[in-house]
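Participant: Protein chains in written order, with numbering that gives the first Met the number 0: chain A, 0 to 322; chain B, 0 to 322; chain C, 0 to 368; chain D, 0 to 368.
FYI, nobody ran anything at the bench for these hints, they're computed from the structure.
Cut-off 27 Å, straight-line C-alpha distance, at most; resulting in silico cross-link-like pairs (DSSO-like, lysine-lysine):
1) K300(A) x K178(A)
2) K41(B) x K158(C)
3) K178(A) x K41(A)
4) K158(D) x K41(A)
5) K41(B) x K178(B)
Only a predicted model underlies this, so the values are computations on that prediction, with no experimental measurement involved.
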Amino acid sequence: MAITLAQALNTALHDAMESDDRVVVFGEDVGTLGGVFRITDKLQSRFGDQRCFDTPLAESGIVGTAIGMAMYGYKPVVEMQFDGFTYPAFEQLVSHLAKMRNRSRGTVTLQVVVRIPYGGGIGAVEHHSESPEAYFAHTAGLKVVSPGTPSDAYSLLREAIDCPDPVIFFEPKRRYWLKEDAQLPVRTEPFGRAVVRREGTTATLFAYGPMVRTCMDAAAAAEEEGWDLEVVDLRTLNPFDTATAVASVVKTGRAVVVHEACVFGGFGAEVAARITERAFYSLEAPVLRVGGFDIPYPAAKLEEFFLPDVDRILDAVDRSLGF
Amino acid sequence: MAITLAQALNTALHDAMESDDRVVVFGEDVGTLGGVFRITDKLQSRFGDQRCFDTPLAESGIVGTAIGMAMYGYKPVVEMQFDGFTYPAFEQLVSHLAKMRNRSRGTVTLQVVVRIPYGGGIGAVEHHSESPEAYFAHTAGLKVVSPGTPSDAYSLLREAIDCPDPVIFFEPKRRYWLKEDAQLPVRTEPFGRAVVRREGTTATLFAYGPMVRTCMDAAAAAEEEGWDLEVVDLRTLNPFDTATAVASVVKTGRAVVVHEACVFGGFGAEVAARITERAFYSLEAPVLRVGGFDIPYPAAKLEEFFLPDVDRILDAVDRSLGF
Amino acid sequence: MSPAAAPLEPDPMTLLPPERPVQLLDDEGALHEVDGFPLDLKDSDFRDLYRYMVLARRVDSEAINLQRQGQLGVYASLLGQEAAQVGGAYALAEQDWVFPSYREMGAALVRGVDPGSVLHLFRGTWLSNHDPIATRFGLLSIPIGTQALHATGYAMAAKFDGKDLVVMSYFGDGATSEGDPHEAMNFAAVYDAPVVFFVQNNQYAISVPLSKQTKAPTIAHKAVGYGMPGFRADGNDVLATYAVSRRAIDRARAGQGPSLIEAVTYRMEAHTTADDPTRYRTASELAEWKVRDPIARFETFLEREGLLDDAFRAEIDEEARGYATRMRAEVYDAPHGDPLELFEHVYVEPPERFDEQRALLRAELERRE
Amino acid sequence: MSPAAAPLEPDPMTLLPPERPVQLLDDEGALHEVDGFPLDLKDSDFRDLYRYMVLARRVDSEAINLQRQGQLGVYASLLGQEAAQVGGAYALAEQDWVFPSYREMGAALVRGVDPGSVLHLFRGTWLSNHDPIATRFGLLSIPIGTQALHATGYAMAAKFDGKDLVVMSYFGDGATSEGDPHEAMNFAAVYDAPVVFFVQNNQYAISVPLSKQTKAPTIAHKAVGYGMPGFRADGNDVLATYAVSRRAIDRARAGQGPSLIEAVTYRMEAHTTADDPTRYRTASELAEWKVRDPIARFETFLEREGLLDDAFRAEIDEEARGYATRMRAEVYDAPHGDPLELFEHVYVEPPERFDEQRALLRAELERRE
Ligand SMILES: Cc1ncc(C[n+]2csc(CCOP(=O)(O)OP(=O)(O)O)c2C)c(N)n1
Ligand SMILES: Cc1ncc(C[n+]2csc(CCOP(=O)(O)OP(=O)(O)O)c2C)c(N)n1
Ligand SMILES: [Mg+2]
Ligand SMILES: [Mg+2]
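Could you build all of it, start to finish, from the sequences and the hints given here?
Facilitator: Pasting the structure below:
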C-alpha cells in the first residue's frame with residue numbers, strides 16, 4: 000500500500016500511544032487541529048485530551064514540562080511547530096534534556112522525543128525552512144535522528160519513542176508527501192545503522208532526511224554521465240554509523256556529503272572529518288561537502304538557488320573525480 | 000608592562016567607551032559590581048549608569064534589547080555571565096541578531112558585541128565551563144572571535160566593537176589571568192587572519208582561545224621528543240583564515256586541531272574538513288582532532304580528565320606521525 | 000526596613016484594568032464618553048480613522064486574492080482587527096516607531112508604509128522590502144513575541160538619548176505566553192522605557208483559544224506583575240482603541256513609562272491562508288462576532304454625525320482601488336530578484352568564502368541557461 | 000459573546016496578595032493569628048520547625064567552612080533564609096516533591112536529603128550525588144528558573160495520573176525576570192497543576208537589588224497575570240511561611256491549582272563564597288536585617304511558650320554536630336571518582352564512539368601512573 004511519510008508518522012504516533020498509555024503528545028496546535036501538518040491528526044479524538052493536548056505558545060514551556068513529565072514516568076512526544084521555533088527551547092534542550100541523566104548519575108532517565116519538522120523546499124516564509132541539526136548533533140546527551148523514507152519515518156519514530164534516551168527527531172517536511180509502498184507496522188534498521196540505498200562504485204553520496212531523495216535523483220541522473228554513484232542514507236546522526244560510511248568510501252574512494260544546512264560548521268564537516276580519519280588511504284579525493292550557502296535561509300522564490308540540487312551534487316562529484 | 004588578559008579586556012571596553020559615546024555596556028552584574036570577573040570594573044563609575052548598567056536577570060532580554068538599541072544607533076556590548084547561560088538568548092541570537100541585516104536588505108545594521116566568558120579549567124560548577132562556539136560558528140550572519148593572548152584580547156575586542164557586523168566574542172576565562180608584556184592600546188592582526196604563534200615543521204597544531212596556551216606548552220614539551228611543532232592561533236572562527244591554515248599544513252603535512260568542546264560536531268570538524276579539501280595532496284595523515292569527550296562537561300574534580308592537555312595533544316601528534 | 004512598613008509602590012489598584020473594556024461607541028454606534036479616556040479628535044480625524052479602516056480591509060482582501068491566485072505563498076489576514084490596528088497606530092506621532100508582528104497591515108498603512116512592499120515577505124521575493132529606519136516601522140516579525148524586546152531596546156535608547164519618541168509594539172494573545180514579551184515588559188518597566196505594548200487579543204493563536212492560552216482574568220491584568228498599568232479596550236471600537244492608546248502613549252511620552260493595552264477583538268479570517276479554521280471553531284461563534292464588525296459600527300457613528308457621504312465613500316473607494324492596483328502591480332508575477340544578491344546583505348564585511356560561494360552559484364546559474 | 004458582558008474569571012480581587020506580608024510572629028516573638036492563615040501546628044511541630052532552622056544554619060556554616068578550607072569549590076549560603084525554606088518545605092506531605100534551585104539546603108534537610116550528598120555538586124566530585132526520584136527532591140538547578148518548568152511538568156503528570164501529590168518549586172527574586180518561570184506559571188495555571196511557586200525574595204540577584212529587577216508592587220503581584228493567587232509572607236517568620244504554604248499546598252491538593260508565594264527575606268551572606276557583597280550593599284542595610292533574624296525571633300516565641308529548654312537545645316546541638324561530622328566525613332578529601340564513570344550515565348544506550356573515547360582516556364590514565 001502506498002503511504003506518505005506524513006501518514007507513517009501519524010500512524011507511528013497512534014501505534015505508540017495505543018501500545019503504551021504513558022506516551023503523551025503535546026505542543027502548539029497538535030490537539031484539536033491535529034498539527035499544522037496534520038501529523039497528530041485524530042490523536043486527541045482517539046486518546047483524549049490528557050494524552051494529546053494543545054499547549055500555550057511557549058516552546059521552552061513545552062520542553063521544560065516534558066522533562067518534568069518524563070521524570071514522573073510519562074513518555075512525552077512533543078512538537079516544535081517549525082525548525083526555526085525550536086530556539087526558544089534551546090536552554091531546556093541543551094542544559095537539561097541532554098544533561099539530566101548524566102548529572103543525576105543515571106537516576107533520572109528522560110524518555111522524551113522532540114519532533115521538529117525541518118528543512119526547506121516548500122516555499123515557506125522566513126524561519127520555517129531551517130536545518131538546525133548540527134546544533135543538536137554537537138550536544139552530548141541527545142540522540143539525533145532524521146528519516147528519509149516513509150518506512151524509516153514509522154520505524155525510527157517508534158524506536159525514538161521507545162528509546163530511553165532523549166531524541167531530537169527531525170522530520171523532512173518537504174518529504175511529508177513522499178510515497179512508498181509499505182505495510183505498517185514496519186521495522187527497519189535500528190538507530191546507529193546507516194543504509195546503502197543504492198549501490199555504486201564511482202563515488203558515495205552521504206545524506207539524511209530530505210536530501211536522501213535528492214541524492215537518489217542525482218545518482219539516477221549521473222548514470223547519463225556514466226557514473227555509478229552509491230547513496231548512503233545516514234538516518235541517525237547521533238549515534239553515527241562510522242563503519243558503514245567508511246566501508247562505502249573504502250569501496251568507492253570518493254565521497255560527497257549533502258545537507259540543506261549551511262556548509263560552514265555543518266554536520267557535513269563531522270562526516271567528512273570522521274571518514275577522512277578512518278579511510279585516509281582509501282580516499283582518492285578529499286570528502287567534499289554540498290549544502291546551503293553560508294547565509295540565512297532566503298526568501299521562498301530564491302530557495303531553489305540556495306538549496307542543494309542534482310546539479311550542485313553532480314558538480315561536486317565532478318570536482319571529486321577531478322582530483 | 001605585564002598585563003593580564005582580563006585587564007586588556009577591561010581597558011578595551013574603557014577605551015572604546017571613551018572614544019565613542021554610542022558604546023554602551025550592559026548585562027547581569029556588570030554595573031555596580033563590575034562583573035563577576037571584573038571585566039567591566041569601574042566602567043559605571045567612569046561613564047555613568049546610562050553607559051554601563053545592570054539588567055534584570057534575563058539573557059534573551061539582554062540580547063533582544065541590545066538589538067533594539069543598535070537599531071537606534073547605539074553600539075551595545077553585552078555580557079552573558081557564563082557560557083552555559085547564553086542558551087536562553089539563543090533565539091534572539093540566531094533568529095534576529097544574525098539575520099536582521101540580511102532580512103532588511105542591508106537597511107538595518109546591528110553593531111552588537113556579545114561577550115561570553117567560556118571554557119573550563121577553573122574548577123567551576125556545572126554550566127560554567129562550556130564551549131558553545133560551534134553553535135555560533137555555524138550560524139550565518141554572526142562573526143565569532145576568540146582571543147588567546149592579552150594583546151589579541153584588547154585588539155580583537157576593540158575591532159569587535161568597531162565592527163558593523165554582530166560579533167560573538169568568546170573570552171577564554173581560564174586565561175583571564177594570563178600575562179603578557181604589552182603596551183595598550185595595541186592593534187594586532189585584524190579579523191580573518193590566523194597567526195603562526197610558533198614556527199615548526201613536524202606538524203601543525205591549530206587552536207583558538209584557551210587552547211592556544213596549551214598548544215604552546217605542548218609544542219615546548221614536544222621538543223623533548225625531537226618534534227618541531229608549528230602552532231597556529233586561529234583567533235577568528237568566522238571569518239576563517241583558510242589561507243594561513245592551508246599554508247601551514249602544506250608546509251608540515253600534518254595537523255591536529257584542538258579545542259575544549261566535544262569533538263563530535265565541534266568546530267574542529269570544520270577546520271579538518273576545510274583543510275583537507277584544500278591541502279589534500281600535502282597531507283601525510285588525516286587531520287586529527289583533539290577535544291573534550293562527547294559527554295556533558297563534568298564535575299570540577301574530573302575536568303582534568305575531560306579537557307585536552309599536553310599529553311592528549313602529543314598523543315594525537317604521535318598518531319598523526321604513525322600514519 | 001521591615002517589609003511590612005512601606006506602602007506598595009506603585010499602588011496595585013492603579014495598575015488594574017477597569018472591570019470592562021473601554022468602549023466609546025456602543026453597538027448602535029452611539030458615542031459615550033468614558034472617564035479618563037477623553038477624545039481629542041476633530042471631524043477630519045474621524046474621517047481618517049474610517050478611511051484607514053476601509054483601506055486596511057481592502058488591502059487585506061486584495062492580499063487574500065493575490066494569495067488565492069498563487070501570487071503570495073501565504074498571507075495572514077487582519078479581517079476584523081481593523082479598529083484595533085488603526086486606532087493604536089493613529090495615536091502615534093510622526094517620530095514614533097512601530098514594531099509589528101506579521102499581521103499589522105493596518106498599522107503599516109497608517110504609518111505610511113507601502114502595503115505592496117510589505118507583501119514581498121509573503122510573496123517570497125525578498126525577506127522584506129521596506130526600509131524600517133526610514134519608515135519607523137520594524138520588519139514583520141515571525142518568531143512570536145520577539146519584536147517586543149526590540150521595541151523595548153529601541154525605546155530605552157531613545158530615552159537615554161533624550162529623544163521625544165514613543166514605541167508601539169504589537170503582538171498577539173498567544174505571544175503573551177512566550178518568555179520574550181515577559182522579559183520585554185519587565186525591562187521596559189524597570190527602565191521606564193516609553194513603550195506601549197499593544198496586544199490584539201483576537202481570541203486565537205492559530206487553533207488554540209484564549210482559554211487554553213492563559214487563566215488570567217484578562218490579558219491586561221498581566222501588566223500588574225510588571226508594575227505598569229494595564230488598559231483594556233473594546234478592540235472593535237476604533238474610538239476606544241484610539242483613546243486608550245492616546246492615554247498610554249501620552250503617559251510614555253511624559254516619561255511615566257510603559258503600559259499594556261489589550262484590544263479585545265476577533266480574527267474573522269483563518270489564521271493564515273494555509274489554515275482551516277473550521278477544524279477548531281464554530282460558525283455560530285463567527286456569527287456572533289460578525290455583528291460586532293468594527294467598520295460597520297463606526298459607519299453608523301459617522302452617519303449619525305453626518306460625516307459620511309457618498310462623495311467621501313467614493314473618494315476612499317478610489318484610493319482603495321489605487322492601493323489595490325499598486326499592490327497587484329508590485330507583486331503580480333514579480334520576478335525573483337538576482338540570486339547573487341543573496342550574498343550582499345548578510346554582512347557589511349563578508350568572509351572570503353562568500354566569493355567562492357558566489358562563484359559557485361554564478362556557475363550554476365550559467366549552467367541553467 | 001461581547002467582551003463586555005461576562006464577569007471576569009477568576010475575580011482579580013481574589014488573586015491580589017494582601018497589602019502587607021502575612022506575619023504571625025511580631026518582632027517580639029508574640030503570636031498574632033491572621034485571618035485565612037490558621038495554624039494547625041502542635042508543640043512538637045513548633046519544636047521541629049526550630050530544630051530544622053537551627054540545623055540548616057549549622058549545616059550551612061559548616062559548608063562555608065568546608066569551602067574556606069578548600070574542600071568545596073564554591074557554596075551558596077542560605078543564612079537568613081532559614082524560615083523561608085523550612086516553613087515551606089515543612090508544610091509538604093511525604094509524597095510531595097521539591098524542585099530546588101542551588102540554595103535550598105534547608106529545604107533539603109526538611110525533606111530528609113543528606114546534606115553531604117548535596118555538597119558533591121559544590122565539591123565537584125560529581126554533578127550530584129542524591130537520588131532525586133527516591134528523595135522526591137530534584138537536582139540542584141543552576142540555570143536560573145529552569146526548574147520551575149520541571150516542577151510544573153511533574154505536577155501536570157501527577158494530576159493526569161490522578162495522584163495525590165503537590166510540587167513545590169523554589170526560585171529567587173532574580174529568577175522571576177527569566178522567561179522560564181513565566182512560562183511555568185502560565186502552564187501551571189492553564190492546566191490547574193498542583194504546584195506552589197515559592198519565591199525566596201532575598202532582595203538580591205548577586206549584586207542586583209530588587210528595585211532593578213522589577214517594578215512590580217511586589218513579586219506576589221505577578222500571580223495576577225497568571226490567574227492564580229499571590230501570597231506574601233514575612234520570610235523571616237517561620238510560622239508565616241508555614242501557614243501561607245499550608246494554604247497554597249492545601250489549595251493545590253484540593254485541585255484548585257497553583258499559586259505563588261513570595262517570602263520576603265534577606266540573604267545575610269555573600270551570594271556565594273566567590274562573591275564580595277561589600278561592593279554593592281551597605282553594612283547598615285545588613286544590620287537592619289540582622290535584628291530580624293528568623294531563628295532569634297522564633298526562639299523568643301518558643302521561650303514564651305515554654306517549648307525551649309536546655310535539654311532540647313543540647314539535643315539539637317548534638318544532632319547538628321552529627322550532621323557536621325557526617326558532612327565533613329563525606330566531602331573532606333573525598334577523592335574524585337573513577338574518571339571512566341564519565342561515560343557511564345550520559346546515555347542508557349551510548350554510541351559506539353564512547354568505546355574509543357573510553358579507551359583513549361584509559362590509556363591517558365595509564366600514562367599518568
Ligand atoms: C516562536 C514561535 N513559535 C511558533 C510559531 C508558529 N506560529 C505562528 S503564528 C502562531 C500563533 C500566534 O498567535 P497570536 O500571538 O495570538 O497572534 P495572531 O496570529 O492571533 O495574530 C504560531 C504558534 C512562531 N511563529 N514562532
Ligand atoms: C540562566 C542563568 N543566568 C545567569 C546565571 C548566573 N547567576 C547565578 S545566581 C544568579 C542570581 C540569582 O538571583 P535570584 O534568582 O534572586 O536567586 P538567589 O541567588 O538570590 O537565591 C545569577 C545571575 C545563571 N545561573 N543562570
Ligand atoms: Mg491571536
Ligand atoms: Mg535573590
